[in-house]
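Q: Produce the complete structure using the sequences and hints provided.
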Amino acid sequence: MGRPAKPREISLSTTPTPDALAELQLGDIAYLDGLIYTAREGVYMRAIEQKAEIPLELPKQSATNFHCSPAASINEDGTFNMGAVTATASFRFAKWLSEWMDKSGAKIIIGKGGMTSELYKSIFVPHCAVYLSTVGYGTGALLGRGIKRVVDIHWEKEVGLAQAMWVIEAERMGPFIVASDLEGNCLFERENEKIAHGLDKIYEGTKPAVLKRFGETDDRKDEVIG
Amino acid sequence: MISIDLIEKTAGVLMDKAAVEIPQDYLDGLKAAANTEEGDLASFVLQAMLENYEVAKEDGRAMCGDTGTPRWYVKMSNTAQVEGGPIALEAALRRATANRTVGLPLRPNRVHPLWRTDHDNNVGIGAPEIEYGFEPTPEGEWIDLTTVHKGGLFGTDYRMLFPSDGIEGIKRFYLDSLVAFGKRGLACQPAIIGIGLGGCKDTCMVLGKRAACLRTVGSRNADPKIAELEDEMKELGNSIGMGAMGFVGKHMVIDCNIEVGYCHTGGMQMSVHAFCLSSRRAVARIWADGQIEYRTDPDWFTDYQRRETVEWDAPPSHAKSA
Ligand code: SF4
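So the protein lines, in turn, are chains A and S.
Under numbering that gives the first Met the number 0, residues 0 to 225 are what the first sequence spells out, in order.
Under numbering that gives the first Met the number 0, residues 0 to 321 are what the second sequence spells out, in order.
Derived from the structure by calculation, the hints contain no laboratory data.
Fair warning: there could be bad hints in the mix.
A partial selection of chain A residues facing chain S, derived with a Cβ cut-off under 7 Å [said to hold, decoys possible]:
1) 83
2) 136
3) 191
4) 206
All C-beta atoms, glycine included, are put in the ideal place defined by N, C-alpha and C.
A: See the structure below:
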């Protein structure tokens, strides 16, 4: 391998043009400017299943949805105290995303761990959206620094502080890694495939456990250990 | 008598320290990994993490937005007495957890498993966990408070193995665990990997978790053969070809710590735990005279904690034939 190459850095608006999105390649490092809102299961359920009216003008104000609960508190005078921000794993939100994109016009989804290429192709590509992954994933302090100010919070009473819709103004917030492109390719799957080649060799000299577990066999008549 | 006010105040400081300052042993380990990482993306991630620790310290903000699940390990000398007794001690640790969650701020992570009730302060039924140990030395009246904020969702597994599975079986489950934890980096490697061997199912989990969270990078088990196995497992984990975030790379394991406990003669329980890129732990020893010493090594696994048997008058029939 040798000395590692530096990945390409890109600045991106949170209301990106189609051209700016088309420009993104897997593994690019992006920094964001503009308004970002957090939304995860609490917001999705309220907006989609309970059909509550979204308290923001989307996607005009922001086309960037962060899967995140920030480390934040509300001061007595109503101002906000925001420390670190770290994404939460996105795979759990797949079932709401298509409808959410219809409703919100989101073009950038930020989260932890990405989604499958199948989901990118079936949901993201038709909506011309991409997925950015946070880095580490523990870069909460760095991302916290990229927040110029907390603009607002919505639905904290209805869904709690962690699930609420926080609206933040980002200023060169990052780094984020481009984990899907407009064709629906998946960075993590690409890496998994590269790693899979060497796995057989690593497993040499090990042996499977004497007793299996369910999952290793799906035949419920088999005898397994718990 | 150890002052309860001092305990609560110190516990608050520890909450902040754990959340904001990465322990030096882990930082040194990660720097060494960053220097030799060759994968383009994995290397970028490690550099970003190193920068993140700096920023956290400079700004006094939590290094990771995810608080994990803060917990307490309390160790006491044989003569330690806490003002107000153990009930006051537990209340002080719970209060410090709540106060610093709001004060720093930390993300309130703890909710009821069914009703999702959230007190927005990381305190609830059984939360934070408080675990205890006792120690014969040094003499005098002291209490050690250790807080650990381990990432809470991914990076833990358990398996009942049997003696016939042997070291090959242990290696297989270790690799299976790491490959599973590592894809997409959901457990935030490179990590301190803790392995628990033996005990019962619950104690096996406890041993492995403590091996990950209460031993430092570079420490080795007092049993030289286990120490050798630790080296071998570290190496093995780093040969998978996976780095930070599951990108191609050569660092998954900053260190591997193994702890053992005597188990049922028919079994060989095994647990694997990953203490993540935010390996948050902070320790203080409080003495009865009010002295406080802060450190990052919990120094939990002493000879006393690993004691093998008991001093007793074995009946003559019990003597083992040579
Ligand atoms: S596993 Fe650790 S570094 Fe990763 S998000 Fe959780 S607390 Fe943060």
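Q: If a hint holds in the structure, say so; if it doesn't, say that too.
A: Outcome of the hint check:
no., hint, in the structure
1, 83, "holds, 4 Å"
2, 136, "holds, 5 Å"
3, 191, "holds, 6 Å"
4, 206, "holds, 4 Å"
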